[in-house]
Amino acid sequence: MERQQELLSTEIGNRGVENSGPYAGYLNFSVRVLRGLPDFLNSANLKYFEPGYSYLLSPMFYFLTAPVLIVILSAQIGKLFIWQDFCLKRDPVDALFIVGFLGLIIYIYLDLTPPSTYLVDFACFRAPDELKITEDELIELANKSGKFNDAAIKFQHRALKNSGIGDETYMPRIVFQPGHKITLKDGREEAAMVMFGAVDDLPAATKIRPKDINILIVNCGILNTIPSLSSM
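Just so you know, we're using UniProt numbering here: the sequence shown kicks off at 1 and counts up by one.
Since the hints were made in silico from the structure, they are not lab data.
It is possible that part of the hints are untrue.
For lysine-lysine, the following DSS-like pairs were computed, each having C-alpha atoms within a straight-line distance of at most 30 angstroms [unchecked claim]: (1) K181 - K147; (2) K154 - K181; (3) K161 - K144; (4) K161 - K132; (5) K185 - K132; (6) K154 - K132; (7) K147 - K132.
If you anchor each label on the Cβ, the simulated ranges turn out as follows [what the hints assert, rightly or not]: (8) S230 - A127: 16 to 26 angstroms; (9) M171 - P227: 19 to 29 angstroms; (10) I215 - G166: 29 to 39 angstroms; (11) R173 - T206: 24 to 34 angstroms; (12) D200 - Y170: 15 to 25 angstroms; (13) N143 - I215: 39 to 49 angstroms; (14) A159 - D186: 15 to 25 angstroms; (15) N149 - R209: 45 to 55 angstroms; (16) S230 - K185: 17 to 27 angstroms; (17) T206 - K147: 39 to 49 angstroms.
Computed from a predicted structure; not experimentally measured.
Don't be surprised by glycine CBs; every beta carbon is placed ideally from N, CA and C.
Model the full structure from these sequences, guided by the hints.
Shown next, in the form of structure tokens:
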């Protein structure tokens, strides 16, 4: 009952003052009951809208309905001579089943086949030779920084030996400044050096224009800047 009252509204119309009759001198007005629009936002039927919309956009819907529509259209217009000849030799129900089955096979093939991803080319960044560092130089810089005790220095020495890092390893520029306090600007400069060094080489090798790139994925688990690295 309350819901029906919400869908109704009233409109008052002023007709002026009565000039004659028992109600002369009184204000004459009329009241009309209008049916309002349903409240679609609070309607429980909206829960069926999303599944129906998803079914409508599903390729399965078109693969199942397209053969039926083709059969109906072909039978009505009568202009597809190949289809007419096919129908004369076979039962139309069998023909409809064959067309629908072929459409289903095509849908299953397209749905289950993973999309192909091709590696056109790749580029790696190579730092300048001035950023090369040996194992002994790295341990010496760690001692000069004053941030590591003897146990941590020994652990780093063992890690370098077991990791396979040799004397041709590149380190960030800030590693060579033990007393320097690392800032966000340093991280952005290092990221820009690495990314621009690799990204500039890749379009030059593949002849791809930057405006033709629709998706850019940047993976960095240490530095998270604002604006993001992708915007750089």
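Hint check:
1. For a cut-off of 30 angstroms, the pair hint linking K181 to K147 stands: about 12 angstroms separates their Cα positions.
2. For the proposed pair K154 and K181, the alpha carbon gap of about 24 angstroms is at most 30 angstroms, so the pair holds.
3. Distance restraint check for K161 and K144: the Cα-Cα separation of roughly 20 angstroms lies within the 30 angstroms cut-off, and the hinted pair is therefore satisfied.
4. For the hint linking K161 to K132, the alpha-carbon distance of about 17 angstroms falls within 30 angstroms, and the restraint holds.
5. For the proposed pair K185 and K132, the alpha carbon gap of about 22 angstroms is at most 30 angstroms, so the pair holds.
6. The straight-line distance between the Cα atoms of K154 and K132 is roughly 22 angstroms, inside the 30 angstroms bound, and the hint therefore holds.
7. Between K147 and K132 the alpha-carbon distance is near 22 angstroms, which keeps this suggested pair within the 30 angstroms criterion.
8. Against the hinted window of 16 to 26 angstroms, the Cβ-Cβ separation of S230 and A127 comes to about 22 angstroms, which satisfies the hint.
9. Hint check: M171 to P227, Cβ distance near 26 angstroms, so the stated range 19 to 29 angstroms holds.
10. At roughly 36 angstroms, the beta-carbon separation of I215 and G166 lies within the given 29 to 39 angstroms, and the hint holds.
11. Hint check: R173 to T206, Cβ distance near 29 angstroms, so the stated range 24 to 34 angstroms holds.
12. In this structure, D200 and Y170 meet the distance hint of 15 to 25 angstroms, their C-beta atoms being roughly 18 angstroms apart.
13. Distance hint check for N143 and I215: the Cβ-Cβ separation is about 45 angstroms, which falls inside the suggested range of 39 to 49 angstroms.
14. Checked against the given bound of 15 to 25 angstroms, the beta carbons of A159 and D186, roughly 23 angstroms apart, stay inside it.
15. Range check, N149 to R209: Cβ separation about 53 angstroms, and the 45 to 55 angstroms hint holds.
16. Range check, S230 to K185: Cβ separation about 19 angstroms, and the 17 to 27 angstroms hint holds.
17. Taken as a hint, the range 39 to 49 angstroms holds for the pair T206 and K147, whose Cβ atoms sit roughly 43 angstroms apart.
Against the hints set out earlier in the document, no violation occurs for any number.
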